[in-house]
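Asker: Residues per chain, in single letters:
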Amino acid sequence: MVNDSFEKEVNDKVRDNQALPTKLDIPILKYFWQSNPLFASNKNSIPRFLRKIKVLENFSDNELRVLSKSMHFRQFTDGEKIFNQNDVGVGFYFIYSGRVDIIVEDEQIVKDSNASIPKMNHIVSLDKMDYFGELALLQQQSIRNASAVARESCQLLGIFKPDLENLINSNPTVATRLLQAVSVITANRLFSLTNEVRRLKFKIKELEVKNGNNNK
Amino acid sequence: MATITNKRTEKIRVFLFFFVLFIFSCSLVLFPRVAVPICVAYVISLIFGPAIPFIMRLGIRRTMAVNIIFFGFLFIFSYPLVRVTPVITSEAQNLQYYLPKVERFIKSEYRGLTKKVEEKTGYVVGNEILIDTLKFAKDSTTNILLKVPKYVGNFLEWIFLVPLFVFFMLKDGKSFKKKFLRIVPNSIFERVYYLSHQFNRQLGDYIFAKFVEASLVGVIITTGLMILDVRFGILLGIVAGVTNVIPYLGPILGTVPAIIFGLVEYGWGPTFGAIVILYSVANAIDIALVFPILVSKIVNLHPLIVVISVILGSTFLGVLGMVVSIPVAAALKLICIEIYNEVYGVKSQ
Numbered sequence: 001m002v003n004d005s006f007e008k009e010v011n012d013k014v015r016d017n018q019a020l021p022t023k024l025d026i027p028i029l030k031y032f033w034q035s036n037p038l039f040a041s042n043k044n045s046i047p048r049f050l051r052k053i054k055v056l057e058n059f060s061d062n063e064l065r066v067l068s069k070s071m072h073f074r075q076f077t078d079g080e081k082i083f084n085q086n087d088v089g090v091g092f093y094f095i096y097s098g099r100v101d102i103i104v105e106d107e108q109i110v111k112d113s114n115a116s117i118p119k120m121n122h123i124v125s126l127d128k129m130d131y132f133g134e135l136a137l138l139q140q141q142s143i144r145n146a147s148a149v150a151r152e153s154c155q156l157l158g159i160f161k162p163d164l165e166n167l168i169n170s171n172p173t174v175a176t177r178l179l180q181a182v183s184v185i186t187a188n189r190l191f192s193l194t195n196e197v198r199r200l201k202f203k204i205k206e207l208e209v210k211n212g213n214n215n216k
Numbered sequence: 001m002a003t004i005t006n007k008r009t010e011k012i013r014v015f016l017f018f019f020v021l022f023i024f025s026c027s028l029v030l031f032p033r034v035a036v037p038i039c040v041a042y043v044i045s046l047i048f049g050p051a052i053p054f055i056m057r058l059g060i061r062r063t064m065a066v067n068i069i070f071f072g073f074l075f076i077f078s079y080p081l082v083r084v085t086p087v088i089t090s091e092a093q094n095l096q097y098y099l100p101k102v103e104r105f106i107k108s109e110y111r112g113l114t115k116k117v118e119e120k121t122g123y124v125v126g127n128e129i130l131i132d133t134l135k136f137a138k139d140s141t142t143n144i145l146l147k148v149p150k151y152v153g154n155f156l157e158w159i160f161l162v163p164l165f166v167f168f169m170l171k172d173g174k175s176f177k178k179k180f181l182r183i184v185p186n187s188i189f190e191r192v193y194y195l196s197h198q199f200n201r202q203l204g205d206y207i208f209a210k211f212v213e214a215s216l217v218g219v220i221i222t223t224g225l226m227i228l229d230v231r232f233g234i235l236l237g238i239v240a241g242v243t244n245v246i247p248y249l250g251p252i253l254g255t256v257p258a259i260i261f262g263l264v265e266y267g268w269g270p271t272f273g274a275i276v277i278l279y280s281v282a283n284a285i286d287i288a289l290v291f292p293i294l295v296s297k298i299v300n301l302h303p304l305i306v307v308i309s310v311i312l313g314s315t316f317l318g319v320l321g322m323v324v325s326i327p328v329a330a331a332l333k334l335i336c337i338e339i340y341n342e343v344y345g346v347k348s349q
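These protein sequence lines map, in sequence, to chains A and B.
Yeah, the first sequence ends on 216 if you go by full-length UniProt numbering, and it's all consecutive.
Yeah, the second sequence ends on 349 if you go by full-length UniProt numbering, and it's all consecutive.
Keep in mind the hints are simulated off the structure, nothing from the lab.
Any given hint could be a false lead.
What the hints assert, rightly or not - Listed below are the simulated DSS-like cross-link pairs for lysine-lysine, each with C-alpha atoms no more than 30 Å apart in a straight line:
#	chain 1	residue 1	chain 2	residue 2
1	B	171	A	128
2	A	81	A	69
3	A	30	A	54
4	A	54	A	128
5	B	178	A	54
6	A	69	A	54
7	A	69	B	101
8	B	135	A	69
9	B	115	A	128
10	A	52	A	128
No experiment lies behind these values; they were computed from the predicted model shown.
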């Protein structure tokens, strides 16, 4: 009985319509194996996380390790503000886990009450591995265009202007790669912005033509 | 509901953060025996800090870079220190026998001066001022000499403590800072980080610039005095270098002993003239070339504020206060501007 194979036992039981033995739970085993504190991937998971981000794909592994050393790990609870609109900002954030909403506050006077209540315009929600606040690294006195609010308990990886300055001094290659990544982001955004402006201009022209026809 | 609890925990965090800062600064004031070497080590680490990125650019890790700087410094400076220290001590001992001569000289000069004044104007100048000043000078020097054993005891402690602190500040300073930043609450994180960085940079740049400036002036004057073969040349050069660290007052303070010794030793002769020219040239180089290039770019404070902050620094912290006062004033200015922008809603471009 002892020397019987597991497969034979299962086959016998299937044939006899008996209850099968409990399965070997691979995910649980894997979980316990990975929760070992000495397990390599647990020691430094930040470079592994950064590896998955599309914008940072031209970093080498070692450069990612250097970059991760000068990043700051920040935790936010649900509903906590990460930064406010119109604040001076110095940080560029990656979302390590959780969800972040980007919100634009419009100062509008609500007619029912005399007090001016800022109206919240929800712009976009960002998920794991997204990034926001990249302009703060480039601009001199960068003022935030929008507010960022944590929508779950969030873990963010931030890199700030002082870190960038230190990186430029000590590891110029890494700093250049980071700036390259940030410029790629801004360039893409500028491109789509130009397209949008062109489209809007075309629309305005169309409307003008229509109005002219109506007036005639 | 969640936001209210958030706000409360945030408030607690902010309070805790400032409380920790407060406790830390209080403990610095309360335990000067630890705080002074820490401050000295911090200043020294600021002087050598800028060299680390240069070495790290070659692809060397931080620890190795710090090791190179530290042991390189020990290696390069131990030989001159061993050679120069006996010379300085012998000069300082000579000074002890030399001081009565200075006193006699000043007395005779003063007598001559009073006689001249009496002949010209008929006004008799009393001896009281001279006696008072000489007594004050003697008292203060003996006071310093009496305190020397205490300083020596401190110095022995420092010789071991300060290099240790400097080494670990250079090596682990960054990770200390990172750990400290972890307790900074989210709502003020970016501001605190940016301000502390600016503050550190102002302090570091200023102290580095001052170090370069003082050593340049010291080297110029020492070599000049040695070429002129003036007695106490090395000592006077070191005094000039050290006092140069103090803004505005320093160069004058450094020149006074040289002029007195020059007069006593050589009278109104060509050597005295050469000494005066040397000091003026060194200070002119300092004011015209070194100061505008190195220091003034970093600190843009009004001269009045500079003088006031130096006086305040000297009353609170003595000589160290005089050195540190200007960058601290600059940092305070920075913080004031930040608060002003925050309160009045000015977003400077």
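Asker: Does residue 69 of chain A sit within 30 Å of residue 81 of chain A, going by the straight-line distance between their CA atoms?
Answerer: Between residue 81 of chain A and residue 69 of chain A the Cα gap is close to 25 Å, so the pair holds against 30 Å.
Asker: Next pair to validate is residue 30 of chain A with residue 54 of chain A; report whether the Cα-Cα distance is within 30 Å.
Answerer: It holds: about 28 Å lies between the C-alpha atoms, which stays within 30 Å.
Asker: Given the proposed pairing of residue 135 of chain B with residue 69 of chain A, does the C-alpha separation stay at or below 30 Å?
Answerer: violated, 61 Å
Asker: Check the hint pairing residue 171 of chain B with residue 128 of chain A against an upper bound of 30 Å on the C-alpha distance.
Answerer: Violated, because 34 Å separates the two Cα atoms, which is more than 30 Å.
Asker: Is residue 115 of chain B close enough to residue 128 of chain A, meaning Cα to Cα at most 30 Å?
Answerer: Roughly 91 Å separates the two Cα atoms, so the pair is violated.
Asker: Taken at face value, is the distance from the CA of residue 128 of chain A to the CA of residue 54 of chain A at most 30 Å?
Answerer: holds, 12 Å
Asker: Hinted pair, alpha-carbon criterion (30 Å max): residue 69 of chain A, residue 54 of chain A. Please report holds or violated.
Answerer: holds, 19 Å
Asker: Is residue 69 of chain A close enough to residue 101 of chain B, meaning Cα to Cα at most 30 Å?
Answerer: violated, 63 Å
Asker: Between residue 178 of chain B and residue 54 of chain A, is the straight-line Cα distance small enough, at 30 Å or below?
Answerer: Status holds; Cα separation ~27 Å.
Asker: Check the hint pairing residue 52 of chain A with residue 128 of chain A against an upper bound of 30 Å on the C-alpha distance.
Answerer: holds, 11 Å
Consistency with the previously given hints fails for numbers 1, 7, 8 and 9, ordered from lowest to highest.
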